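Letter by letter, the chains look like this.
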Amino acid sequence: MVTLTIDGREVQAEEGATILEAAKESNIYIPSLCHNEGVIPYGACRLCLVEIMRNGRQRLVASCLYPVEEGLVVKTNSERVINNRKMIMELLLARCPDSEVIQGLAKQLGVEKTTFKVEEDNRKCILCALCARVCEEVVGVSAISLVNRGVDRQLATPFYEPSVVCIGCGSCAYVCPTGAIEMEDVGDTRVLSMPHVKMEFKLKKCKTCGNYWAPESQLDYIAKKWNLAPEVFDNCPNCRD
Amino acid sequence: MTSLGSPDELETLRKSIIKSRDPNKPCISICGGTGCLALGGASVINAFKRGIQEQGLNTKVDLRITGCPGFCESGPLVVIEPNNILYQRVTEEDVDQIISQTILKGRVVDKLLYLDSKIGKKITHENEIPFYTKQKRLLLANNSRIDPNNIEDYLALGGYAALGKVLSKMSPEAVIEEVKKSGLRGRGGGGFPTGIKWQSCREAEGDTKYIICNCDEGDPGAFMDRSLMEGNPHSVLEGMIIGAYAIGAHQGYIYVRNEYPLAVRNAQIAIKQAEEHGLLGENILGSGFDFNISISRGGGAFVCGESTALMASLEGKVGEPRAKYVHTVEKGLWDKPTGLNNVETWANVPLIINEGADWYAKIGTPKSKGTKIFSLTGKINNTGLVEVPMGMTLGEIIYDIGGGIPGGKKFKAVQTGGPSGGCIPESLLNLPVDFDELAKVGSMMGSGGMIVMDENTCMVDIAKYFITFLEGESCGKCVPCREGLKRMQQILTDISEGRGKNGDVELLERLSAAIIDSSLCALGSTAPNPVLSTIRYFRDEYEAHIKDKRCPAGVCKELITYRIIDEKCPGCGLCVKACPQEAITLVQKKKPVVLDQDKCIKCGACYDVCELGAIEVK
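These protein sequence lines are chains A and B, in that order.
The numbers in the first sequence follow the numbering used here, run straight up by one, and end at 241.
The numbers in the second sequence follow the numbering used here, run straight up by one, and end at 1618.
Since the hints were made in silico from the structure, they are not lab data.
Errors might be hidden in some of the hints.
Under the rule of at most 25 Å between Cα atoms (straight-line distance), these lysine-lysine pairs were calculated in the PhoX-like manner [what the hints assert, rightly or not]:
1. B/1557 x B/1602
2. B/1367 x B/1134
3. A/75 x B/1324
4. B/1122 x B/1111
5. B/1409 x B/1557
6. A/107 x A/24
7. A/207 x A/225
8. A/117 x B/1547
9. B/1501 x A/86
10. A/224 x A/202
11. B/1181 x B/1169
12. A/117 x B/1557
13. B/1501 x A/117
14. B/1324 x A/24
15. B/1122 x A/113
16. B/1136 x B/1362
17. B/1549 x A/117
The structure displayed is predicted, hence computed values, not measured ones.
Please work from the sequences and hints to get the whole structure.
Below, the structure is given as structure tokens:
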């Protein structure tokens, strides 16, 4: 175990853990948007920046990536941290005027409005890539990815067309921190709405209760991956023995 | 060629190469670097080949196509050895005369000599030209003495002697100690001490280690690494092999941008020749040390010059940086310990081994040792590559070597360090150039770009230009760099187009502080430099744009007006012809012309053609 100090509190953490993980374990809140424990840390949103003291030098680091060290002194709410966080929130507010999550977080961090011009064509996506990372690292499908560089960067399927490999599992919608990806099951159809494409998936009907319960493409994918007989999915989880 | 089995065999080969060469035999040395080729160098080279053939001089004259010696302004450059007569701006038509006069009769062709306008005299020899005399060309001088595709030229000048010394007489630790003692710092921009980097990489856990040569030079107007790789690739290879030995790596990569086809080709040829000579591959010079080098061609993204983005790109992934909380010397390429240095850094290594760390450490300033190559561009008389000892002042580089500003214009600022460097004003021309001094004034060494600006440059426009470049090259991964640079670009555009508001300068400063502090990599954390430095030294220009809606340098189109000064205009009609909009009319012969402001698109064509100063821009 490693002992470090976060906001004046002595905290224990496993070796190799990040500052963010150590803080979470000790119920110390650090805001973040692009972090999810299911995928490899990425360090893109920069909201989890904290100030550390090392060799007599103070500097800002992304707490989702910085590994804990014995004796490390961390400040999560120094003036420098707060100023940077506020500017990042202002930039995100201008980028995502429609995201309630961003609006709420901005308010919570003391930012009421943005000085910058509000974006016209992007309303919710912050390009944190959580959706694409989950799709690649957890689902193993890589149906969506980030395309183009810099200010032209977008989340997209190949050629902005409905993906031929997407299984409709909805993991992307589940992890999206700002509500930029929406998922809705209507009757026998699942609709997945992304910033640049809308995809539809046929849902499987439970042989027993008749409810539509999961996309057929997702069930096929699971059956193939785990070498299961297709009949395994004839019934929904509620109607299985 | 049989492979060299020991350092002694290398020395024997070197002696036989030198012995076989007649020092008095005339040699026509022509620059085949990219700059001279762009100025028509290829046709000059072909004309010489033809001329030598036609005159039956094949055995009497040597012809050598070399890399760039640096004096690009006066290219295509031809040097006639052994007397080192320099002919400049040589064209195909001059070739017969050079052969018939200089080669056959030993006479100098006066019209092709360099004219020193300061003393009003022509200069015959390469080493007497002021552009060169004030330089200290430890790395670049050999460019004009070597055919980069002929390893024997490099060997004749003592090439690979440092490698022989290292493999036969020095332990890896001793090599690292020597590099540390020399004070060599990374030439790619960061200025990290090279020896310490090597030591950390050597001490890092793991059997497999890599070294990388970063030749992803992407700064607009910078071409020092390109010229070294094109002109003297073996010096880079020798440095890499020594570095690999010191670190304990057996595989190295040269990451070079594909837009540098000549650098790619010359590096490929050099690797092959080094392999054939037993200087690369298994059991180098019989020492038991194995090392190979492969070339990886970059797709041209500026961000791939950043070490972690470069490594991602080399691995075949999208070239995006990652946090370096675990250093690349511990976990770099494919998560293995990796020693990455820039082309110029590697090229310095053989020099340090040959001449000794003490000799090297005597050159430069207390904390920046050796020489640095700068590419001098912009509003300067002598555009080209200059190599100077660290600590030379900006003024000496710009006026004594660069020859000052063309057209009698006034110097305004110099931007050092590439697009994310800062603009340094006239009051700081006495600044000694080294890593720390440049940082103190809000700029940086970067990889060594130096862009000179004259009085006709608008500093708001310049800041906008560089931020637009960086915005386009930001990878887009982290929020402050992607979103922050976009907003910065919008604010600067507004200011330059007359929509600036009170408080914009303060907002730019606040935004800059956050981008510097919170960006993921050095692209973001240095990007605001051009904005902050222009605000720091030229705040009045920002104020003029914002408050008076005026561009003092007469550059920002939305804020300027062209006007005919009637008293000076004789109605010659030159501007009438030049105007693409038919906005100027000659109402009556020998009377001032009339400019229709509604039609004027402020392109400046009239201003450029009028030699009488009858058109003003305000």
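Could you work out which of the previously given hints the structure breaks and list their numbers from low to high?
Per hint list: single violation, 15.
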